[in-house]
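Residue numbering for the sequence shown follows the working numbering, beginning at 1183 and increasing consecutively.
Just so you know, these hints were derived from the structure itself, not from any lab.
Don't take every hint at face value.
Said to hold, decoys possible - Calculated pairs, DSS-like style, for lysine-lysine (alpha carbon to alpha carbon, straight line, at most 27 angstroms): (1) K1649 / K1220; (2) K1340 / K1220; (3) K1566 / K1542; (4) K1667 / K1649; (5) K1247 / K1260.
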Amino acid sequence: MKLISLLTLSVIFTSSWVNAQRQWGDLRYGELRRVESKYDPIHRSTPLARRIGVMVFSGLVSFDKDHNRIPQLTSLTKAELQSYQPINDVVYIFPLRTDILWHDDEVFDAYDVLFTYLAMKNDLKKKESVDFIASVEVIDSFTIQFTLAKPILNAFGKLSFQIIPHHLFVPNEAEIRPDNPECQVPPNHTFVQGPIGTGPYRFDPYAPPSDEVHLLVNPNYPILEDGRNRAWIDKVIMRPFSDDRAQANSVAFGGVDLVVELPATLVDSVIQDAEAAGRYLWRERYQSMSYYFFALNHDHPFLGGEENQLTRQAIHYATNRAEWLNRIENDSGILISGPFPHDSPYADSSVDPYPYEVDKARNLLAQAGFADTDEDGTLDKDGKPFTLTLKQMAGRQKEAQICEAFIADLQQIGIQVNSNALTSEEEWKQQIYYKHDFDVVLDSWAFSIGATLYPLLHSSQSFPGGKNYISYNNLVVDITLDLFKEETDPAALQNLGRELHRMLRQESPYIFLWTPLRIAVGDIKIRNVQIHPDVFFNYITEWWLQ
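Given only the sequences and the hints, what does the whole structure look like? Please build it.
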């Protein structure tokens, strides 16, 4: 399911260069980083890791900037993929390329595809991604067959998952079978931190230990349409930064060549600083296939369940999200009214975002039974004050501003919010995703092709480490999500999606904010840049340096 159209923006400075003018070289890029140590397709959980992953791994198929299916590990041609018809609407047979090597020079084959499916199926968090598949069968070493449980829409999107090498885990092909529990990727395996793929770049095994990620060009990458066997750029170095200002200064003065995102409030000054130093930068806005929200812990006695729906709506009315967007993002974003971004086919355009109405918020809280009985400025109910703890990541200028605005707006209606900054990704994962130890957090969801709301809001997905970490539980929503997951008729699916959008706007499991329009900033020496709204580097094989 595609929640935001793949709006791919290009920075193409001229069309007259020939290959001889294209230069090799290294690309250093920066981004904000929560401490990351998992880059494999099974265990990674951050946008940073997905951006690394698209350079390291390949799938059977991918999609170009016009949403057309294109081959990666399958030997089917682009034309054959576009016209492909499954047998009986459920059987997909993929012949595989015979010239693909893993980064350690082992041969890629059908058993790698089978192992990847089984590893996903055996992982608690990933199995939902492949439960539409009834079986996977190796026809021969270079032919794989998928049989779906039933016909589905966008099967190619769901079958585009990145492939993992079986020889690192279950070398014996005869042991790659559904009843073998060893068909998995253990979270402590060295592959998780330094994976081996078939993509255009590979982890540099000789890079010095640091927080940076060093990727070397794969010299044996025969997938490119123009006959090249490698990408233009020799080396990609990801350099992490603790805050927006630090990465802004780095791109301005040459510490890095590119940053994947800068706050709109910093972009003009960065470009001016660079020009003053004799360095010239471009900027590019791109859709993010994501949205920001405040997650409410539904285990909190004042936030969860049908009995607190008015309270959640009151928080929506009390937050001046349009003003935040203007002041913090320079209007570089679009307010959303529910769980689908504004231009998703499943978003109901007749439903507006909650307006800013403080009086209405106060009235709803009064209807919900809150009052300031002791006149200390904080509402209370049943003898308990309405106080919340908001957890956020430290060092994020924009996120800190959003949280400050949220705290101020809730204070004016009598809800006291205390902030607690977390300093590492591991701390965040443990407290938020596993222990659910929070009242409110600022978070964002990024949606890829084939993504659904099911893992985010279905009650079955609220286990430790699951994406429904807010412990949301609504039977009607569960039933509708089940129907949405199973529907194959496009018109019926759209109707169900819009019903979900309306229902969840009313339910307000999150405080919905906006889809950001992100801004990348880079050195003008980086040419032919096309930015993918989700994984950013999807088209890096076409970039070059000048």
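Results for each hint:
| no. | hint | result |
| --- | --- | --- |
| 1 | K1649 / K1220 | holds (17 angstroms) |
| 2 | K1340 / K1220 | holds (22 angstroms) |
| 3 | K1566 / K1542 | holds (23 angstroms) |
| 4 | K1667 / K1649 | holds (16 angstroms) |
| 5 | K1247 / K1260 | holds (14 angstroms) |
Comparing the model with each numbered hint stated earlier shows that all of them hold.
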